[in-house]
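Chains as they are written, first to last, in the working numbering: chain A, 1 to 443; chain B, 1 to 443.
Where hints are given, some of them may not hold.
Because identical chains cannot be distinguished in the list, a pair is counted as satisfied if it fits within a single copy or across any two copies.
Distance condition first, Cα-Cα at most 30 Å in a straight line; then the derived DSSO-like pairs of lysine-lysine [said to hold, decoys possible]:
1) K443 to K82
2) K147 to K295
3) K73 to K135
4) K274 to K82
5) K350 to K82
6) K82 to K438
7) K53 to K135
8) K295 to K350
9) K413 to K178
Derived by calculation from the structure, the hints in this document are not laboratory data.
2 protein chains.
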Amino acid sequence: MTNCAKMQHGIVNVTVRDVRFPTSLEQHGSDAMHTDPDYSAAYVVIDTDSGLKGFGLTFTCGKGTEIVVCAVKALSGLVVGKSLQEIVSDFRGFYRLLTSDSQMRWLGPEKGVIQLATAAVLNAVWDLWARAESKPLWKLLVDMDPKQMVSCIDFRYITDVLTEKDALDILMRAQEGKQLREDQMLREGYPAYTTSCAWLGYSDQQLRQLCTDALRSGWTKFKVKVGADLEDDIRRCRLIREMIGPDNTLMIDANQRWDVAEAISWVSSLAQFKPLWIEEPTSPDDILGHAAISKALAPLGIGVATGEQCHNRVMFKQFLQASALQFVQIDSCRVGSVNENLAVMLMAHKFQVPVCPHSGGVGLCELVQHLILFDFIGVSASLSGRMCEYVDHLHEHFTSPVVIRDAHYVPPKDPGYSCEMLESSVQRHEYPEGDVWKQLLNK
Amino acid sequence: MTNCAKMQHGIVNVTVRDVRFPTSLEQHGSDAMHTDPDYSAAYVVIDTDSGLKGFGLTFTCGKGTEIVVCAVKALSGLVVGKSLQEIVSDFRGFYRLLTSDSQMRWLGPEKGVIQLATAAVLNAVWDLWARAESKPLWKLLVDMDPKQMVSCIDFRYITDVLTEKDALDILMRAQEGKQLREDQMLREGYPAYTTSCAWLGYSDQQLRQLCTDALRSGWTKFKVKVGADLEDDIRRCRLIREMIGPDNTLMIDANQRWDVAEAISWVSSLAQFKPLWIEEPTSPDDILGHAAISKALAPLGIGVATGEQCHNRVMFKQFLQASALQFVQIDSCRVGSVNENLAVMLMAHKFQVPVCPHSGGVGLCELVQHLILFDFIGVSASLSGRMCEYVDHLHEHFTSPVVIRDAHYVPPKDPGYSCEMLESSVQRHEYPEGDVWKQLLNK
Chain A
1 MTNCAKMQHG
11 IVNVTVRDVR
21 FPTSLEQHGS
31 DAMHTDPDYS
41 AAYVVIDTDS
51 GLKGFGLTFT
61 CGKGTEIVVC
71 AVKALSGLVV
81 GKSLQEIVSD
91 FRGFYRLLTS
101 DSQMRWLGPE
111 KGVIQLATAA
121 VLNAVWDLWA
131 RAESKPLWKL
141 LVDMDPKQMV
151 SCIDFRYITD
161 VLTEKDALDI
171 LMRAQEGKQL
181 REDQMLREGY
191 PAYTTSCAWL
201 GYSDQQLRQL
211 CTDALRSGWT
221 KFKVKVGADL
231 EDDIRRCRLI
241 REMIGPDNTL
251 MIDANQRWDV
261 AEAISWVSSL
271 AQFKPLWIEE
281 PTSPDDILGH
291 AAISKALAPL
301 GIGVATGEQC
311 HNRVMFKQFL
321 QASALQFVQI
331 DSCRVGSVNE
341 NLAVMLMAHK
351 FQVPVCPHSG
361 GVGLCELVQH
371 LILFDFIGVS
381 ASLSGRMCEY
391 VDHLHEHFTS
401 PVVIRDAHYV
411 PPKDPGYSCE
421 MLESSVQRHE
431 YPEGDVWKQL
441 LNK
Chain B
1 MTNCAKMQHG
11 IVNVTVRDVR
21 FPTSLEQHGS
31 DAMHTDPDYS
41 AAYVVIDTDS
51 GLKGFGLTFT
61 CGKGTEIVVC
71 AVKALSGLVV
81 GKSLQEIVSD
91 FRGFYRLLTS
101 DSQMRWLGPE
111 KGVIQLATAA
121 VLNAVWDLWA
131 RAESKPLWKL
141 LVDMDPKQMV
151 SCIDFRYITD
161 VLTEKDALDI
171 LMRAQEGKQL
181 REDQMLREGY
191 PAYTTSCAWL
201 GYSDQQLRQL
211 CTDALRSGWT
221 KFKVKVGADL
231 EDDIRRCRLI
241 REMIGPDNTL
251 MIDANQRWDV
261 AEAISWVSSL
271 AQFKPLWIEE
281 PTSPDDILGH
291 AAISKALAPL
301 GIGVATGEQC
311 HNRVMFKQFL
321 QASALQFVQI
331 DSCRVGSVNE
341 NLAVMLMAHK
351 FQVPVCPHSG
361 GVGLCELVQH
371 LILFDFIGVS
381 ASLSGRMCEY
391 VDHLHEHFTS
401 PVVIRDAHYV
411 PPKDPGYSCE
421 MLESSVQRHE
431 YPEGDVWKQL
441 LNK
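If we strip away everything but chain A, and leave its shape as in the complex, we get (with noise of 0.2 Å):
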C-alpha cells in the first residue's frame, strides 16, 4: 500500500442491485442455446468509512438475476465490518471465507449461483484496492510483489498441477522484460477479435453489413455464432470466410449445443472454412468430451475453446490436465474473481496454453482487460495465438469504458476496474422498476 497506507477503509455497507438491458429485443448476443438474452448484471456498490467506494459485478442473461442478487446480501455479511487492509493482508482466508463457509457452501462450492454471486463481491473488492492505489487494477496487479499475488490464491485442489512455489516461480521469471512488455502494451495495445458481426439471430444482410464495417475498422479475427441448423452454419461461415479472406482468421462458437458425436461431425463439415477453434462444442463440464472432441479434430487443424461456464480453478485444471483445450477462455465473472483467474492463468501457463479470455455481455470487457494485460505483462510474456473477445454493446453504461484501437484494447488508465457504471443507466435499467422496464413491461 502506498497512498493509502494509513487508510483502513473499513467496509460499512455492500448494496446490490438488479440491473438489466433488454437486449433480446434486438436480437443482439443470440445464440444456439442463449436465443434471447437480456444482457443483465447483478451491481455491487462497497461503501468504506473512508469515502472510496468499490464497483463489482456479476454478468447474468436476464432472468434469475435476482437469484444472484440474493447471494450476494447473503455473503454480504461475510464482508461488511471488515477492512480493506484486512482482507488484502489476508486475501487467501477472505477468499476461503466466502467459498468455504461451513453452510454455504452446500450451496456450490464454488459453482453457480454462489459463485457468480462472490465474483461480483470479490470484483468490487479488487476495484476498491486499485481505487486505494490510485491504480488501474492491471497495473496494480503488474506492480505487486510475487509473494503478495501468490498470497492471494487459494491454492485448495489445485497442488497436484501448481504449488504456492510453483506460482510464485512463474511470476519472478515473468519479471524479466516486464516493464518493455507494459511499454508495449501502453503503444499498441492488446489484440482482440470481434463477436459482434455474427449472432445467431441476425439476417444475412446484417452479416455483410457488420463484417463490413468491422473489415474497415481493422478488424481481422472474427467470431460465428453455430449450432443450431448445419445448413445454415455452412452459408454463413461461406459468407464470412469470403468476406474476411483467406488470411484473416475465422472461430466458430456453438454454445454448448452438441453431444460428443454431433460436436466431432459438425465441426468437420465446417472444417472447409478453416475456423481456428471451435468454442463450447458440448457440456462446459464435460472435461473427457472436450478431451475427444480435441482428440479428433486435431489433425483438421482445428482447437477447443472453452471456459466461460467453466465454474472454477479445478474444473480449469482438469481440461488442462486431459488435453481438453487449446484455448483456456477465462471470464471475468464466472469464477472467484481475480484471485481465481490468477489461479488459472498460471496454470495455463505451467502447460503452456494460450488464454484468450470470454468478454461481451454487460461489462465483461471493461473487466477482462485488465486480466489479459496482467497475462501477457505479468505471466505469458507472449502474444502468440492469443487475442481477446470484443463485443461492441452497452459500454455507454460504464464511466470508463473500454477503448479499441485498431482492433487492440487499450490498457485503461483510470483507477479501478472500470466497472462503475453511470449511477443514470443503473436506475433506468434497475429491474422491474427502472423506467425502461416500467415501459416495457407496461406494452
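Chain A is fixed; fit chain B onto it per the hints.
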C-alpha cells in the same frame, strides 16, 4: 395413468418455504468441512385444481437457504399453468424447460443453486405423480413402462456413454425377476448403514455409547467422519473398529478436506482399520483427482465413494468413464430429481459400479429410499456391495417417516415420495419467523 386418468391435475400454485432445524447446537452432522450445519430445506408445495398436492424439497445446510427459495420462485413461473398430464406426457421436455431456460441456464447450467431448486420442484412433481397414481414413488417407477421411463430422461451430453436405446435395453432386461425382487424388498427391506454414530464433533464417550446402541439394534455397517486431524482420526477409527469387530464394515468420509496427494497419504495411514471406502477425499469436481486416488488406493483394498455434491449426470458420466469412483453415491436433492438420477443409475449399471446413496440431512432418507429400491428391483438386480446411508435425525417432522427394521429400509407404502412435512413442524421451523428461530435469535 390408471385411477386418475381423467384428472388433469392442473398446477395452480407453487409455494416454497425456508425451513431450518438448529442441528448445529448439538454438533449433529458435523464433519471436516461442515463444522456447524443447521439442517434445512427449501420446501415446496404444488397445488392443483383437483385438490391433490405435491410435496418436494431440497436439502441445505442453513445459511443461504433463502437463495434456493428465491430460485424456486424463479422456476415456478415455468410450472404454474401446466397440468400433471402435460408434464408426464413429455417429461424430458419439461425437464429441459426447467434446466435449459434460455436466460436462466447461465446461472448453472445444471449446477449449484439453480439445480438444487430444480430438484426441489421436480421432487414435488414426482410426488404429485405418485400420489395421482396412489402409489409410493418406488412402486410407480417399478410399474412404469420402460419406454415411458426413458422418455423422462434428458440424454443430452451423455449419449457417448448411454443412449436412449442402451437405457431401454437395460430396463427391458431387468423386467426378468422383477416381481421376485419386489417381494424380497417387501420382505427384507433394503440394506442400510449408519452414519449416526461418528460425527466429527462427537466425543469419544458419545461414539462408544452410540456404537454400542447401534450394534444392539442390528447395525453392521458404520461410517466415520475423518479429515480434520490425523491423530484424532486414527484414535476414532481404532475405537470404532474395536467396537464393531473385524467382520463388520467400516467406511470413512473426509467431506472434501484434502488435495490429491494428501488424500492418498492420509488414507494410507488409516488403511490398517480396513475401511471399505474413503468418501469425498477431495473436491467433488475433481474427476481426475478421484481417478488418481482410486488408482493409488486400489492395492490397499480401499475404494473411492463420491456423489453427494456431484452436480449432474455429465459429471457422473465422467467419474464412471475415468474409473474415478467405485461406489456411486446418488443424492435425491443435488441433481435434477428422479429424472436425472435415473440417468445416473443406468450409467452406473452400464459400468457395473454399485449405487450406494447418500442420505441423512433432512428428508434425504425419506426420498432416496425410493430410488434405491427401484435401482435394485428395476435396474441393477443386485445387492452386492450395495447399501443405503441412514442417519437417525429429524424423521419425526415427516408425515410418512422412514422405517428402519434390522438395519434395513422398509419399503414405504404411503402414496408419494415421502417428503411431506408436518405442517406444525414447518411452521415452527420456518426461518426466521417460526417460533424455534424467534426464540433462538432473541437469545
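Against the structure, the hints come out as follows:
1. Taking the shortest alpha-carbon separations for K443 and K82, only the inter-copy value of 25 Å comes in at or below 30 Å, while the best intra-copy value is 45 Å.
2. With identical chains, the CA atoms of K147 and K295 are never at most 30 Å apart, being 38 Å at best within one copy and 35 Å at best between copies.
3. For a Cα distance limit of 30 Å, the shortest separation of K73 from K135 inside one copy, 28 Å, qualifies, whereas the shortest one across copies, 42 Å, does not.
4. Within a single copy, K274 and K82 get their C-alpha atoms no closer than 52 Å, and across copies no closer than 46 Å, so neither meets the 30 Å cut-off.
5. Within a single copy, K350 and K82 get their C-alpha atoms no closer than 34 Å, and across copies no closer than 52 Å, so neither meets the 30 Å cut-off.
6. Taking identical chains as interchangeable, the C-alpha atoms of K82 and K438 lie at most 30 Å apart only when they sit on different chains, with a minimum of 28 Å there against 37 Å within one chain.
7. Only within a single protomer do K53 and K135 lie at most 30 Å apart by alpha-carbon distance; the minimum there is 14 Å, versus 58 Å between protomers.
8. Proximity of K295 to K350 under the C-alpha cut-off of 30 Å is found in both arrangements, the shortest distances being 20 Å within a copy and 25 Å between copies.
9. For the homomeric pair K413 and K178, the shortest alpha-carbon distance inside one copy (18 Å) is at most 30 Å, but the shortest distance between copies (71 Å) is not.
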